[in-house]
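*Asks:* Here's the letter readout for the chains.
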Amino acid sequence: MSLLELDRLTVKRGECPVVDGVDLNVEPGEFVGLIGPNGAGKTSLLRGALGLLPHQGRSNLADMTPRARARHAAWLPQAREVTWPVSVEMLVALGRTPWLGSVGPAGADRAAVDRALARMGLDAFRHRTATELSGGEQARVLIARVLAQDTPLILADEPTAGLDPAAQIQSCAVFADLAAEGRGVVASLHDLGLAARHCTRIVMLSRGRLVADGTPADVLTSENLRSVFGLRAYFAQTADGPVFQPLSVTR
Amino acid sequence: MLIAALAGLVAVLFAASLLVGPAALGLGESLRALFRGEGEAVVLVMREIRLPRALLGAMVGGALGLCGAAMQGFLRNPLAEPGLIGVSGSAALGAVIALQTGAAAAFALALPLSALAGAVVAVLLILALAGPRGTALVLILAGIAISALAGALTALVLNLSPNPFAASEIVFWMMGSLADRSMTHVWLAAPFMALGAAMLLSLGRGLDALTLGEDAAEAMGIRLARLRLVLILGTAALVGAATAVAGAIGFVGLVVPHILRPLVGARPSRLLPAAALGGAAMVLAADIAVRLIAPDRDLKLGVLTALVGAPFFLHLIWRTRRAAA
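Which chain is which? The protein sequence lines are A and B, in order.
Sequential numbering of the first sequence, starting at 1, is according to our numbering.
Sequential numbering of the second sequence, starting at 252, is according to our numbering.
Don't read these hints as lab results, they were simulated from the structure.
The structure presented is a predicted model; accordingly, all values stated were derived computationally and were not measured.
Be aware that one or more of the hints could be misleading.
Here's a subset of chain A near chain B, in silico, CB distances under 8 Å, partners left out [unchecked claim]: (1) 37; (2) 66; (3) 75; (4) 81; (5) 85; (6) 86; (7) 90; (8) 94; (9) 97; (10) 232.
A short, non-exhaustive set of chain B residues, derived as facing chain A with CB atoms under 8 Å [stated by the list, open to error]: (11) 330; (12) 455; (13) 456; (14) 459; (15) 469; (16) 472; (17) 474; (18) 517; (19) 536; (20) 572.
Negatives, chain B to chain A, calculated, CB over 10 Å [as the list claims (entries may be wrong)]: (21) 252; (22) 259; (23) 260; (24) 267; (25) 288; (26) 408; (27) 415; (28) 441; (29) 460; (30) 463; (31) 470.
No residue lacks a Cβ here, since even glycine has one placed at the ideal position from N, Cα and C.
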């Protein structure tokens, strides 16, 4: 069974469809890079799929009860909000919210938090105050929160935005590893180079429509890049893996 | 640990509140009167004057502290307070109308009942204005609009007041006080406060999740629309009942959660019970202070909390600005 099943998903802002009849299935083991220019509908697609926006068409996530959905899919919003000066450990533990029994965190919850902290290399930060960390450290803490939620499917909205190059690569590597372990990951990405190197599959959106879907080599063609992004780019398979570099603007 | 310490503080202040007053009673004499009913006049003072005053102090303070913590958690803003959604202003308007029309003089419970009715009207208006999917911002704007309207109507009632005595009675009532309350007031407020407290204390997990923002909280399975409804109804029950029996007592709901937040690791769910106890302690302490500072001048409780609270508020803004710089 697919982890994510979207059937003609449409999200409207007023009369204007910002996501227009998108069909998309995501299987275990896939790291899907959702790409498209600003305003293509990447965020609206993810939020509509989760049922956070009113939508037409069908999404298997929006059909679930809130608690069942929260145990199936974790959501990493683009806005990195941390309102209160809580400890890193407590913030990551919030990911356990959908799993908590009436009495509070159990052994399994603490173990999941420990695993998430270790995976993101945050053991040393455990007792630090989350609001006092740098932007990149906060981003890692928030990814750890998503990992603690321990869901088969992870949806992330621009998880690498504002990170330094090393942190961008680390984050993508974590998502790729999670996919390799049998989870499904859908991440909207603006850095096409990262998408080309780490994603198993790329979905390209333009004006709310899904215009291309396949392996990085299938999707990042010069024709697609020109018509959707207005870009000319260098893309080659090298000894170090696929290398993608935008070169110039064509319009 | 913190909760136990705060509970101890409330117990001590509650006892002190019972033992401080214009009638100079000995310690043993007071306690014998309270618990065994020995000594007719002393029994009257203890059971009919001081006990309701201490009970109401703890209840009103607890209600305001709890609402403040819940409201700050929901709006994710340390400057939010229970009065923000317009319930206290509307409750005050209800009370003022009861005073103005003379209903309060004719029937003792007319004032608190009318204040509660004002709170209910405010809640209905907020729910209508903020709609089913309204965000925290819409709620704040609706609250400000309702507060402004209630304030304007209160001013109108004062403006049209037939004689200066009615006007001064209204003004004094609006300053907030626990003097001359009876057990009837306690029984009137208790069910609303118990219900409101149970509602707000159930929100801890959702408020914790909101630390990550509305979108993330909703995706973690929190039903935000339901959380908001419970928050509004619970706050209305608590603040409406508190205003109905004690008038407007400001700054408790703002200041108490602020002082206690660092002591609970900033966790909204742990702040709820702590702020309830802290609020009870603060109002009990303030009510003892008004009796000690000016025993014969009837210094109003709301005046004292505002005098202490406003400078604290300035300090808060100052610190926020420095942290941002």
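*Asks:* With reference to the structure, classify each hint as holding or not holding.
*Replies:* Going down the list of hints, with the structure as the test:
With a least beta-carbon distance of about 22 Å to chain B, the hint placing residue 37 of chain A at the interface is violated under the 8 Å criterion. The interface hint given for residue 66 of chain A holds, since its Cβ lies 4 Å from the closest Cβ of chain B, which is under the 8 Å cut-off. Checking residue 75 of chain A against chain B: minimum C-beta separation of about 4 Å stays under 8 Å; hint holds. Hint status for residue 81 of chain A: holds, given a least beta-carbon distance of 4 Å to chain B, under 8 Å.
Annotation: interface hint on residue 85 of chain A holds; nearest CB of chain B at approximately 5 Å, less than 8 Å. Annotation: interface hint on residue 86 of chain A holds; nearest CB of chain B at approximately 5 Å, less than 8 Å. Hint status for residue 90 of chain A relative to chain B: holds, with the closest Cβ pair at about 6 Å, below 8 Å. For residue 94 of chain A, the interface hint holds, since its Cβ comes within 8 Å of a Cβ in chain B; the closest pair sits about 6 Å apart.
The beta carbon of residue 97 of chain A comes within 4 Å of a beta carbon in chain B, closer than 8 Å, and the hint placing it at the interface holds. Restraint check, residue 232 of chain A versus chain B: the minimum CB separation of about 36 Å is more than 8 Å; hint violated. For residue 330 of chain B, the interface hint is violated, since its Cβ never comes within 8 Å of a Cβ in chain A; the closest pair sits about 13 Å apart. Annotation: residue 455 of chain B was flagged as interfacial toward chain A, and the flag is violated, the nearest CB pair being 10 Å apart, outside 8 Å.
Hint status for residue 456 of chain B: holds, given a least beta-carbon distance of 6 Å to chain A, under 8 Å. Checking residue 459 of chain B against chain A: minimum C-beta separation of about 6 Å stays under 8 Å; hint holds. Using the Cβ-Cβ criterion of 8 Å, the hint placing residue 469 of chain B at the interface with chain A is satisfied: the shortest such distance is roughly 6 Å. Because the smallest distance between the Cβ of residue 472 of chain B and any Cβ of chain A comes to about 3 Å, under 8 Å, the interface hint for this residue holds.
For residue 474 of chain B, the interface hint holds, the least distance from its beta-carbon to any beta-carbon of chain A being 6 Å, beneath 8 Å. Residue-level restraint check for residue 517 of chain B holds (minimum Cβ-Cβ distance to chain A is 4 Å; threshold 8 Å). Taken as an interface hint, residue 536 of chain B does not check out: its beta carbon lies about 27 Å from the nearest beta carbon of chain A, beyond 8 Å. Checking residue 572 of chain B against chain A: minimum C-beta separation of about 16 Å lies over 8 Å; hint violated.
For residue 252 of chain B, the non-interface assignment is confirmed: its Cβ lies about 17 Å from the closest Cβ of chain A, beyond the 10 Å cut-off. No Cβ of chain A comes within 10 Å of the Cβ of residue 259 of chain B; the nearest lies about 24 Å off, and the non-interface call holds. The beta carbon of residue 260 of chain B sits about 24 Å from the closest Cβ of chain A, which is more than 10 Å, so the claim that it is off the interface holds. No Cβ of chain A approaches the Cβ of residue 267 of chain B within 10 Å, the least distance being about 33 Å, so the stated non-interface status holds.
With a least beta-carbon separation of about 43 Å from chain A, residue 288 of chain B lies farther than 10 Å from that chain, consistent with its non-interface assignment. Chain A leaves residue 408 of chain B outside its interface by the beta-carbon criterion, the shortest separation being 39 Å against a cut-off of 10 Å. The beta carbon of residue 415 of chain B sits about 48 Å from the closest Cβ of chain A, which is more than 10 Å, so the claim that it is off the interface holds. With 10 Å as the threshold on Cβ separation, the claim that residue 441 of chain B sits away from chain A holds: the shortest Cβ distance comes to roughly 27 Å.
Not every beta carbon of chain A lies more than 10 Å from that of residue 460 of chain B, the smallest distance being close to 5 Å; the non-interface claim is violated. Not every CB of chain A lies more than 10 Å from the CB of residue 463 of chain B, the least distance being 6 Å, so the non-interface label is violated. Interface exclusion of residue 470 of chain B from chain A breaks down, the closest Cβ pair being 4 Å apart, not more than 10 Å.
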